[in-house]
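Student: Protein chains in written order, with the UniProt record's numbering: chain D, 1 to 305; chain G, 1 to 161.
Don't read these hints as lab results, they were simulated from the structure. Since this is a predicted model, take the numbers as computed values, not measurements. Built from N, CA and C at the ideal position, the CB exists for glycine as well. Treat the hints with care, as some may be off.
Stated by the list, open to error - Have a look at the derived ranges for each label pair, beta carbon to beta carbon:
(1) 65/D - 137/G: 57 to 63 Å
(2) 146/G - 258/D: 43 to 49 Å
(3) 123/D - 49/G: 51 to 57 Å
(4) 249/D - 156/G: 35 to 41 Å
(5) 33/D - 84/G: 40 to 46 Å
(6) 81/D - 126/G: 55 to 61 Å
(7) 55/G - 135/D: 34 to 40 Å
(8) 244/D - 130/G: 53 to 59 Å
(9) 148/D - 49/G: 51 to 57 Å
(10) 53/D - 115/G: 37 to 43 Å
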Amino acid sequence: MMAKRGLLRAGIATECAGQIRCRELANSSSFCRKLYSEIEEVGWEHLVRLDDNLTFLSFRVLDASGRVHVMEVQVDKTYPQCPPSISGDVPYIPKIEWSATSRLKDAVIQFKKHVDTLEDFWSTLDDIDNSLWVVNPNFPCRAMCHRLVNIGNDCIVLFSINARSPKTVPECRFMGPDSSISPLRKAWSRNCKKWMQEKSFRDNLVCVFGFELPKSPDTEKDEQQLECGICYAQHLPIEDELGTKSGCPTDYQCDNANCRRAFHGLCLMDWLRSITTTRQSFDVLFGSCPYCSEPVAVKITNTRS
Amino acid sequence: MTSSSATSRKALSKIASNRLQKELVEWQVNPPVGFKHKVTDNLQRWVIEVNGAPGTLYANETYQLQVDFPEHYPMEAPQVIFLPPAPLHPHIYSNGHICLDILYDSWSPAMTVSSVCISILSMLSSSTVKQRPEDNDRYVKNCRNGRSPKETRWWFHDDKV
Chain D
1 MMAKRGLLRA GIATECAGQI RCRELANSSS FCRKLYSEIE EVGWEHLVRL DDNLTFLSFR
61 VLDASGRVHV MEVQVDKTYP QCPPSISGDV PYIPKIEWSA TSRLKDAVIQ FKKHVDTLED
121 FWSTLDDIDN SLWVVNPNFP CRAMCHRLVN IGNDCIVLFS INARSPKTVP ECRFMGPDSS
181 ISPLRKAWSR NCKKWMQEKS FRDNLVCVFG FELPKSPDTE KDEQQLECGI CYAQHLPIED
241 ELGTKSGCPT DYQCDNANCR RAFHGLCLMD WLRSITTTRQ SFDVLFGSCP YCSEPVAVKI
301 TNTRS
Chain G
1 MTSSSATSRK ALSKIASNRL QKELVEWQVN PPVGFKHKVT DNLQRWVIEV NGAPGTLYAN
61 ETYQLQVDFP EHYPMEAPQV IFLPPAPLHP HIYSNGHICL DILYDSWSPA MTVSSVCISI
121 LSMLSSSTVK QRPEDNDRYV KNCRNGRSPK ETRWWFHDDK V
C-alpha cells in the first residue's frame, strides 16, 4: 500500500513538472514564433547567422554603394519589452530608438541608416586600403578607425580617422628613426592646413610630404588575382551584347578575407541566376561564393542599355 | 553508342571558349595524374583517357571519358560520360552515364575539367565491388532515344563510393 502511494505521489510530481515544462515550451514557442515572423519581415535572405536558442542573430546590410556590413543582434527572453542589443562592424554603434511595439525590422532600418551616414568614412578607408601600403590591420577592417601605413624610408605612420568627419585632416603619429621622422613632422605641421576634403587621401599625403608614397608590395600579387574566378579573364570580351560592361575589368571581390576571389559582377550575376538556391530582393541577388561558399550579394546590372 | 544529346548543340560563347582555352593550357602544363587528353582541334568536345589507379579494382584498366561543353560553360556543367566500354561500378551505368553530384546539381564554376576528372577517379578508386547500379537496365532503356544524362533527375543516395 505504502509503495503504491509513493508511486502515486511520484506520478503527480512528474505531472506537475510536465505542466511546468509545457508552459515553458508554450512561452518559448510564442517567443520563437514572434522572432521567426520578425526575421521574415526583414527577409531570410539577409540573415547570416541564427543560433540554436534564437538569442543571437546577425543580418547582412548593404550600404548605398553596395558594401556589405554585418549587424549583430542579441535578444533575451524579455524581448521585445527590452530592446535588442546591437553590434556590428562600425566605428560606433547607433542609438536604437525602441518602443514596446518596435520590431527587428525597425532596428535593421536604423542600422542601415547609420551605415549610410558613414559613407564618407567607408570611402576614406577604401581609399587608404587600396592606394597605400597598409601594414595594420592586416586585412581591411571596417570597424577600426586607424591605419598603420608604411610610407617608405623605414617610417611608419599611424593615421586615426575621425569617423564623424572622415575627410578632415587625420590625427597622425610617426614611428621610425629620428633622422627620418623629424623632417616628416616639420612637413606635416607646415603643410597639413593644405589638406583638401575633395582630394583623395593619397593625393593629400603626397601634397603634404612632397614625395611619392610606396604602394603595397601585395598590389602586384593582387593584380594577378584580378582574373575572374568564373570566366578566367581579367577583362570581359568586347562585344556589343555586353553593352556598358563590354571589355570591363573585374569589379567584384569576395568579402571573405581568406578568399578574396575576384569576379566580374556580370559573371557572378549570370552564375547566381543559373542556380535555384539564389534569392533576390529588389535588385540584389543573394547567394554564395562559388569558391568559399560564404555569402555574396550582387546588384543586378542591365547590360542592354 | 555515343550519346548525342537530343538538344542541338550550340557553339561555345566567347566567354566559354576563352575559359576553355585557359583550362586546356593549364592542363597541358599540369595534367592530373592518371589522365591523358587526346589531342583534337575540337575545343567543345574533349576525349580523355583514364588509367585506373594502382592498388584499386581498376588498376591496369584504361577507359575513355567524353566531355562536352555547353554554350554557356562554366555557368552550366559539362556533360561527362564514359565511352563504351564503361567501367563496372555501382554508380556508372552501362551506357556510360555517371551518377555524380558535381556533374549535375552540385556543379560550380570553381570546378574545372581537371577537378572533375580527379573526382571521377576517386569515385572509381573507392569502389569495393565491380557491379552495375541496381536500376541499370531500367535506366538504360529509358535513355535509348539518346537522352543526355543532364536531363536525368538524379538521386544521390550513397556518399560512400
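Student: Looking at the structure, which of the earlier hints fail to hold?
Tutor: Failing hints, ascending: 5 and 7.
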